[in-house]
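Based on these hints, arrange chain B on the given structure of chain A.
So the protein lines, in turn, are chains A and B. For the record, in the first sequence the residue sitting at position 14 is 14 according to my numbering, with numbers rising by one throughout. For the record, in the second sequence the residue sitting at position 48 is 48 according to my numbering, with numbers rising by one throughout.
A couple of the hints might just be wrong.
No farther apart than 27 Å at their CA atoms in a straight line, the calculated lysine-lysine pairs in the DSS-like style are these [as the list claims (entries may be wrong)]: (1) A:K9 / A:K156; (2) B:K356 / A:K112; (3) A:K214 / A:K88; (4) A:K88 / B:K356; (5) A:K88 / A:K156; (6) A:K214 / A:K70; (7) A:K70 / A:K156; (8) A:K9 / B:K95; (9) B:K356 / A:K156; (10) A:K112 / A:K70; (11) A:K88 / A:K9; (12) A:K9 / A:K214; (13) A:K261 / A:K281; (14) A:K281 / A:K214; (15) A:K70 / B:K301.
Please keep in mind that the hints were generated in silico from the structure rather than gathered at the bench.
Residue strings, one per chain:
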Amino acid sequence: MSDDELVIKARSLTKRFGDFTAVDSLDLSVQRSEVFGFLGPNGCGKSTTIRMLCGLLLPSAGEIEVLGYKIPQDAEALKRRIGYMTQKFSLYEDLSVIENLQFLAAVQGLGKAAARARIDELLQRYWLTDIHQQLAGTLSGGQRQRLALAGAVLHKPDLLLLDEPTSAVDPQSRREFWDSLFELADAGTTLLVSTHYMDEAERCMRLGFLDAGKLVATGSPTELMDNLPGQALILDCQQPRQVQASLRDCPGVLATAQIGKALRILIDSTDAQETVQQHLKQANISVQIQPTEANLEDVFVYVTHKPAGAAS
Amino acid sequence: MNLRRLGAIILKELRQLRRDRLTFVMIAGVPLLQLVLFGYAINMDVRGINAAVLDQANTVNSREIIAELGSSQVLDLQYHLSAPQEIDALLRQGKISAALVIPSDFEQRRQSTDRPALQLVVDGSDQSIQASTRQLAEFPLPGTTLRTSIEVVNFYNPEREAAINTVPGLLGVILTMTMVIFTAVALVREREHGNLELLIATPVSSWELTIGKVMPFIGIGLIQVSVILIVGKWLFAVPIRGSVTELYVASLLFIIASLGVGIFISTITSTQFQAMQMAFFSFLPQILLSGFMFPFAGMPKAAQWIAELMPLTHYLRLTRGIMLRAASFSDLWSELLILMVFCVVLLGSATARINKRLD
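Chain A on its own, in the form it takes in the complex (with noise of 0.2 Å):
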């Protein structure tokens, strides 16, 4: 990839909050019309990341240029062309939707007739037009959404960042809503979404896991997938409960999950799997073994899974 297609660099990026570290070194680049995912668990550092991304917090140290600007010196010009969504809905609830669009349109520097045809189209296009007179307030979960994704787009940012979009949304209005998402990729807006959840994060074109403020792994869903070194195995047994109370104190076993009667185990090698008989012989139980295709929540546990003891 050529550097000029790069629309995030971030080179050793790190934040401290008095002696906590919330991101360690973090190098990360995002290539243009990429819909990015930021996975990992809450308070890995994520948000962090987004924020210090768009200029809102100061990095302690590294270097981050975005769509060209370096941060933190050209942040302000750089916020005319970057659209952001925070975790938390952000607009005004005491303001109509239209009226929120407004006011987002005329502070992102839209003329009056740009705005209320970009409005126009906006509202069209993410179905708020039967409700545009109604508060921001009143709107359920997913219209909330779609005013937020709205707002933040107004302007036709060449950037957008979205910090966990989807938490607060059913699963119908989540489709929706990343069908939305990749409407603006294909027109050429870069996005970088922050999620934890394992389907959002297989729609994306790139992933990077993060865990306790450093960047884990990085790749596409497939690359990842493939290249988990653990294996995962699905355990058909009787007392699924019983096994995993087992398995805790086997070596090899990274994480245990049960999946309806079956228990699904992810060994940190192919290897393991003769251990993981051989702890269950001792025990007493009898299990029917069986390799399955890793997916993305196995590469989550793999890259983000600390050996007892050596947890810091």
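Relative to chain A, chain B alone:
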């Protein structure tokens, strides 16, 4: 400064204000309520002051004066004393607030012009009593044409200078309270609701934010001034002896200064509750030290210096001067200048504190 952006912020504030019924009611209701409440409560025409009389002359004339003053209802002559020392004791104990002394050479004094014939000893710690006894000093003595026949002696605070003029003072107090409170929460509320994070991610500038937030309240403040002046005239016959335009110009500056205080509070607090507390901390000393509650001249030097650092002190001098003494800006230019400095410094430092970052 982008005018369209500024206009959008002002329009947004007005729309939000219109939907916030309680605030809307407060904007109109608070000044009226305070004016009526304080206007009547802080009443200088006191009647029935507990008083004693010491008649050392005991002549026909002296007894006539005592009877007349007693029937004026201003003084309630409860004690008839025989020794001057008793006055001291009764005043100190708070049993009386005033004592009428008729000296033994009363008949000679009545004839001469150089010394007042009567003395009224007054509890100087209570200003409302001072004010009403001052009227008594104009009381014509029967049988004489002398103008100052009663000498008023203020105990405890002999050099009282500040006259309490409730409504001109109330103008400042009401504006301080409403203006500071409304803007103190302005930015904090946006921060608490998460709106600020969105706003600072846009090209909006700190000055556009400050001025956009302040402008609607300048209008509201001027409306409040008008309401207070009209109702003050109607209910309490408060005059405006000086120029109405100058009064409005002074009010405008004071409103901006108070809004500056509010916005500044908004930038240093992180919750609406903190902002409200801080607002109270800001106007309580102003009300107490500005000369509204207690005479400025009676305060210790240190308190006077602190009071000079408060916008209300200067505005009070302007309103009292313009409304009651028919003073003009040429008399009070220094007060006006100080208010201007307050506006620039307060708004400037508040704007400088509006950080377009979250840390």
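Consistency of the hints with the structure:
no.	hint	in the structure
1	A:K9 / A:K156	21 Å, holds
2	B:K356 / A:K112	26 Å, holds
3	A:K214 / A:K88	24 Å, holds
4	A:K88 / B:K356	18 Å, holds
5	A:K88 / A:K156	22 Å, holds
6	A:K214 / A:K70	22 Å, holds
7	A:K70 / A:K156	21 Å, holds
8	A:K9 / B:K95	83 Å, violated
9	B:K356 / A:K156	22 Å, holds
10	A:K112 / A:K70	31 Å, violated
11	A:K88 / A:K9	26 Å, holds
12	A:K9 / A:K214	16 Å, holds
13	A:K261 / A:K281	20 Å, holds
14	A:K281 / A:K214	38 Å, violated
15	A:K70 / B:K301	55 Å, violated
Violated hints, listed in ascending order, are 8, 10, 14, 15; each of the other numbered hints is respected by the structure.
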